[in-house]
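Visitor: Below are the chains, spelled out letter by letter.
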Amino acid sequence: MLTIEQLSLRLPHYGTGYAAWWKRSWATCLDNLSLHFLTGEVHALVGASGAGKSLLAYAIMGLLPASARLNGQLCYQGQLLDKRSQKTLRGRELALIPQSLNALDPLVRTQRQVAWAAERAGQSSGSARQSARQALDHYRLDTRAQQAYAHELSGGMARRVLTAMAHVSQAQLVIADEPTVGLDPHQRQRVLAALRDLADQGKTVILITHDLRHALPIADRVTIMRSGKLIETAPAHAFQGTGRSLTNAYSQALWLALPDNAFTLPKPCAASIADKAAGIKAQQEISVA
Amino acid sequence: MALDVRLINFITQELAQGIAKRLARLTLVLLCVALVSFGLMMASPIDPIDAYLGPQMAQVSPEQRELIAQRWGFDAPPVVQFSHWLRQLLSGDLGWSHVYNQPVSEVIGQRFQRSIALLGGAWLLSALLGFSLGVVAGAKEGSTLDKIISTYAYITASTPAFWLAILAVLLFSVFLGWTPTCCAGPTGILSQQVSLAQRLHHLVLPIATLALLGIANITLHTRHRMLEFMRSEVATHAFAQGASRLDVAWRHGIRHACLPAMTLAFASLGELFGGSILIEQVFAYPGLGQATVAAGLRSDIPLLLGIALFTALFVSIGNLMADSLYGVIDPRIKLGDL
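Line by line, the protein sequences are chains C and B. Residue numbering for the first sequence follows our numbering, starting at 1 and increasing by one per position. Residue numbering for the second sequence follows our numbering, starting at 290 and increasing by one per position.
For the record, the hints were derived by calculation from the structure and aren't laboratory data. All values derive from a computational prediction rather than experimental measurement. Every residue gets a Cβ at the ideal spot worked out from N, C-alpha and C, and that includes glycine. Keep in mind that a hint or two might mislead.
Listed next, the in silico DSSO-like pairs over lysine-lysine satisfying Cα-Cα at most 27 angstroms (straight line) [what the hints assert, rightly or not]:
(1) B:K436 to C:K83
(2) C:K229 to C:K23
(3) C:K87 to B:K436
(4) C:K87 to B:K310
(5) C:K83 to B:K429
(6) C:K83 to C:K229
Short derived list, chain B residues pointing at chain C, Cβ under 10 angstroms [what the hints assert, rightly or not]:
(7) G398
(8) Y441
(9) R520
(10) A532
(11) D536
(12) D619
All chains should be modelled from the sequences, with the hints used to inform the complete structure.
Guide: Below you can see the structure in the form of structure tokens.
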């Protein structure tokens, strides 16, 4: 579906104060990534903040700032992705569910925005309006929410509107950038189930998240990233027990660090983690006192 | 149904309260404007009697001067003069202009009729043109069109109005002979007999020069807001949906750029008034601006106060309109909040 080959991304980094006039160094944000996304899978990109997950999404969509330097290749369904093909594929084949709720236009009613998204995907204005209504109904937004402005929606509702906008485009590749931030468990389940649904319909979903625990139930494969580098790609079922089938120590540690797993660990390891937790707690208490 | 009625009641109540609050504020503003202009006139070195008499000053004896002073009330202390004027104002009388020998309200009425064509034309032109130029320039940062428009805007923004007016007269009226050099109609014809075409012909140049200055300001601010918007998350999201630059600018950008442009357009009403004084002077256009200059130079206090009040009222109403229009464009702003 989508193949990434030796992708590197550098962004300019300017000096501070007067040095900003002449000093410019390059920060490597993505370092030699090679990845393959399959049709019909939910592929989770997991990593800490600043690991380069969102930048990878922007690189795929072709929405990087003009100053970015990109090396390597992106291939979408056997076709090389460059600036021009990205422009034609955006909205029709590639869709992005943005991380920030501020991506909704505060001056335009919800339904209208979704209809615009459908129009941009190539629908006529009449059918766009209809599919917008259907998509919003699908995500259980009632008529009042459909006629509301962004500031009148709750966080969960706004998330669902953003998801509906990606849904309505009928894109084959959906990139969801941290779609569960700030949602309660119930809402989170709903959003994740909606993404799973998309994959079951034969679309490819890239789920960007920093929370391995929430990604695992719906993901087919998981890629762990760390400071711009690819650590490991593993099937979701590799994350179980003590994580022995994971090849990399960092992904193993990430898996074991989940709160549920502290209890399934072999005794000495669990003890050391528990000791550490106790030590941190004690330090905090001291500093508070 | 009952809920609807209650809602409507609530809204009208809120609206009535808002209007009452604004009216009170407006009265206070007008009073302050009157007080300050009166104070400034009192401090001005121009003697109203000398200004009234003009060249005949030497032929008038001190006794006659005193009689004139008594007749116009110049001998009374300033506080008495002001309170007298205020009392008359409350009964709806703006006083008598000794420069034009006419009631002040009549002078303002006649003059404003001519000025409104100049002001309104210049205002509309600067708002519409300024906004569209700003949107076009801001939609694509760094494009040739953007460079041309911003260079033009920077140059006109730093040009004084009267200087531009003089150059325009030199070029279009004297050198090319396309437009008349003065007045609101051809000389030697009664103002009732001037045709619409003649009026417009006389208005073109003053409107163009007056608008040119407003355009630059509005263009620069609109452009800035557009640049900001095109880098915002909303724009990026729209691009991610496959929208073209034109689509993003047209559907989203214009709404976002509307607010600063509107604020500026309505706030510039006052500036436009100030600019029109100079422009009317250069083009010898008999509008409110010329009346202001005459009233100031010849110490016609009732006329000057009347014009000051009228201008303040005009600008305040403009701002009120801008405030109420915000809510229409940005749903996050409601009239009650202001």
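Visitor: So, for every hint listed, does it hold in this structure?
Guide: Evaluated hints:
Only pairs whose Cα atoms come within 27 angstroms are accepted, and K436 of chain B paired with K83 of chain C is accepted, the gap being roughly 25 angstroms. The hinted pair formed by K229 of chain C and K23 of chain C meets the criterion: a straight-line CA distance of about 26 angstroms does not exceed 27 angstroms. Of the supplied pair hints, the one linking K87 of chain C and K436 of chain B holds, its CA atoms being roughly 26 angstroms apart against a limit of 27 angstroms. Taking the CA atoms of K87 of chain C and K310 of chain B, the gap is about 53 angstroms. The hint is violated against a cut of 27 angstroms.
With a C-alpha separation of about 17 angstroms, the suggested pairing of K83 of chain C with K429 of chain B holds against the 27 angstroms cut-off. A hinted pair counts as satisfied when its Cα atoms are at most 27 angstroms apart, and K83 of chain C with K229 of chain C qualifies at roughly 24 angstroms. Nearest Cβ of chain C to the Cβ of G398 of chain B: about 41 angstroms, over the 10 angstroms cut. The hint is violated. Evaluation of the Y441 of chain B hint against chain C yields a violated restraint, the C-beta minimum of about 25 angstroms exceeding 10 angstroms.
Annotation: interface hint on R520 of chain B holds; nearest CB of chain C at approximately 9 angstroms, less than 10 angstroms. At about 5 angstroms, the closest approach between the beta carbon of A532 of chain B and any beta carbon in chain C falls short of 10 angstroms, and the interface hint on this residue holds. A hinted interface residue such as D536 of chain B counts as satisfied when its beta carbon comes closer than 10 angstroms to some beta carbon of chain C; here the least separation is about 7 angstroms, so the hint holds. Annotation: interface hint on D619 of chain B holds; nearest CB of chain C at approximately 6 angstroms, less than 10 angstroms.
When each numbered hint is compared with the structure, violations occur for hints 4, 7 and 8.
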